[in-house]
Amino acid sequence: MKNLLLLFLCAGLVACSGGGKVPEPTYYLLRADVQLPVGQQSADVSIGLGRVAIADYLGQNGVVVATGAGQVRAARQHLWAEPLSGSVRLYLRDSIASRSGQWISADSAQRLSWQYRIDVRIDEWHGSLDGQARLIAEWLIISVADGSTLATHRFERSGSLQADGYDALVAEQTRLLDALAADIAANLPRQGSQAATF
Amino acid sequence: MTEAIASIKPRRKVPVIWLVPIVAALLGVWLVVYNYLNQGPTITINFSTAAGIQAGKTKIKSLDVELGVVTTVELTKDLSEVIVTAELESFARPLLTEDSQFWVVRPRIGPGGISGLGTILSGGHINLEAGTGKAGRKKFAGLDNPPVTPAGTPGLQVYLASERAGSVNAGDPVLFRGYRVGSVETTEFDASGQSVSYGLFIDAPYDKLVTENTRFWNASGITLEAGANGVKLELGSLQSLLVGGVAFDLPDGVLPGVQVKNGEEFALFANLAAANRKSYDNFIQFVVAFDQSVRGLRAGAPVEYRGIQIGTVERLLIRELVSDGIKGSGDPIPVLLKIEPARLGLPDTAAAVTDMQEAIAEGVKRGLRAKLGTGNLLTGSSIIDIDYVDNAAPAGLARIQRQLGNLLAKLNDLPLEPAIANLNATLVDLQSTLGSVNGLVASDATQAIPVAINDTLRELNATLDAFSPDSQNADSISRSLSDLNQTLRNLESLTRTLSAKPNSIIFAPPVTVDPVPQRKD
Chain C
1 MKNLLLLFLC
11 AGLVACSGGG
21 KVPEPTYYLL
31 RADVQLPVGQ
41 QSADVSIGLG
51 RVAIADYLGQ
61 NGVVVATGAG
71 QVRAARQHLW
81 AEPLSGSVRL
91 YLRDSIASRS
101 GQWISADSAQ
111 RLSWQYRIDV
121 RIDEWHGSLD
131 GQARLIAEWL
141 IISVADGSTL
151 ATHRFERSGS
161 LQADGYDALV
171 AEQTRLLDAL
181 AADIAANLPR
191 QGSQAATF
Chain X
1 MTEAIASIKP
11 RRKVPVIWLV
21 PIVAALLGVW
31 LVVYNYLNQG
41 PTITINFSTA
51 AGIQAGKTKI
61 KSLDVELGVV
71 TTVELTKDLS
81 EVIVTAELES
91 FARPLLTEDS
101 QFWVVRPRIG
111 PGGISGLGTI
121 LSGGHINLEA
131 GTGKAGRKKF
141 AGLDNPPVTP
151 AGTPGLQVYL
161 ASERAGSVNA
171 GDPVLFRGYR
181 VGSVETTEFD
191 ASGQSVSYGL
201 FIDAPYDKLV
211 TENTRFWNAS
221 GITLEAGANG
231 VKLELGSLQS
241 LLVGGVAFDL
251 PDGVLPGVQV
261 KNGEEFALFA
271 NLAAANRKSY
281 DNFIQFVVAF
291 DQSVRGLRAG
301 APVEYRGIQI
311 GTVERLLIRE
321 LVSDGIKGSG
331 DPIPVLLKIE
341 PARLGLPDTA
351 AAVTDMQEAI
361 AEGVKRGLRA
371 KLGTGNLLTG
381 SSIIDIDYVD
391 NAAPAGLARI
401 QRQLGNLLAK
411 LNDLPLEPAI
421 ANLNATLVDL
431 QSTLGSVNGL
441 VASDATQAIP
451 VAINDTLREL
461 NATLDAFSPD
471 SQNADSISRS
481 LSDLNQTLRN
491 LESLTRTLSA
501 KPNSIIFAPP
511 VTVDPVPQRK
521 D
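Chains as they are written, first to last, in the numbering used here: chain C, 1 to 198; chain X, 1 to 521.
Simulated from the structure, these hints should not be mistaken for laboratory data.
For glycine and all other residues, C-beta sits at the position ideal for the given N, C-alpha and C.
Check each hint, because a few of them may be wrong.
[Stated by the list, open to error] On the chain C side, residues computed to face chain X include the following (Cβ under 8 Å):
#1 T67
#2 R73
#3 R76
#4 G127
#5 S160
Kindly produce the complete structure, drawing on both the sequences and the hints.
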């Protein structure tokens, strides 16, 4: 009798705990849709991607959306597939390389052969409920040999979503990252030349 | 027809109806008598203030049993006191003895702890502590504070006199070898005698411990004494550290003597050391004069003969020195000494004093002099050392000159020439050692050391590079920290959810749907 009562109790608990149906989360993988040359790269890589620092509030799984003035919220069902600190770095590396036509190293083991280093800091990178995506970043190119700064730019841009929903938001955020990469690529010194153009 | 004949009965003298008022009157009388017989006593108590006393409300209690209530509160004619009148129950009559005590119970914080907390809510009441004397008293003098010792407690009452008011207060414990055996009941300053009098009550059966030779001392807290004999630190028991107290015992080697009676007076010593200090009835006083600094010499400093204490310094006679006016002639400073023959094992008698006086007078002729000595390097206290001096020169510059002469003589006696020869040989050895060191420094192996150090530094640089901020290791550490941050953030979210809804660990919380960003048209 006692066992039967226990069984009912467990069944009741299970029934209660399974009350709400949680929707399946959507994961977004941040990768640059570019074609890079496949095969062995030259060991003599002159440009490297150094530090890519991301604002602390972006260090969470959910896609961040501004819900009001100074208010943000991380989505619970729309998540990044991997930490942004790594994926943004990879994305920028590929996107800058594609746009500049130069191989950009993101491997710090090769840093001794770098002539120039790109450091990026992303201060804001989120969407808003009224259909906007926003990216504020600062980047600088450093001459590794003497530690001098060749160029430093502040990048600030917004874009409107093409459709409702998170898919469109992530697409717009990606486009903003591309614009940042293009900005950096346009200012990179050409390989073999000195950065006399800055 | 028969004629009815009325039967005639004689009329009663007292109508039955009169029984009613008679019974009523008897009942009334009975009620009056009953009320009179059951009426409790009415008493008056004089208090210095009526704080916490209200007519018709404040109750008289004993052992928390209600005995009566205050009926009136009035001022005396000279407005110096308050007269409280209270009506008590009849059963309280035996409690009103000659030595019964009354006091107002209100919240108090004292050395004995916190008391009367219950009266915060219930209001104050007057407590009656019944004594053992004859019953029937109607007028009482109320106490400002609860009595430390209840009336009629078996024990012994003694009084202590002290020149200074220490940290002893009423209610403080009286300790015998650390055990509480009584309490300090009263503290009073006697303006005429310029002393403080403490009333102590020693509970039975410990009252037998107090005898004529018992000494009492202030056992309050910490005593730090720095004198010529060194630094002494005495700590009392934890209770005495916190609330102070008085301790008593017999000094070492002293017989107890006869037991004392109530009201005996004792001296209160400042500390245990002072209480243990032996006192001698017979002594001789000497004056010695120092024409040097008497820094560190204080009253009570020991006077020693070759290390054996024979007396103490009574005081520095500064008043006497300046009484004739300051002459600017550099007169020596007189110091009064008290020599006690009993300290040397002689009997504490006048005869011993005479013998000692003669011995010292004879000694002075043969060069017995008093010198200032260092009693304690730490405290800088001085003692007086009495000893025979070869050519009884006065202390001061002459002595320093003699010491300087002795020092020069010792320097003369030093074997300086062999020492200089040894020093020469040592210098030759040092020269050859320096030559060897030069050779060592010039060798190829030594020269190669900087190169090796350079190589090591280069390797060290490479190793440190691996941990530089843009290195792979730093990247890996940074990523690990990022993961850790992420985990902690998730944990924080979980904690927040659980604190908002503790049962969410079993019952799933309501699903919150992400707000959807809307395209701007």
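Broken hints, numbered, in rising order?
-> Per hint list: zero violations.
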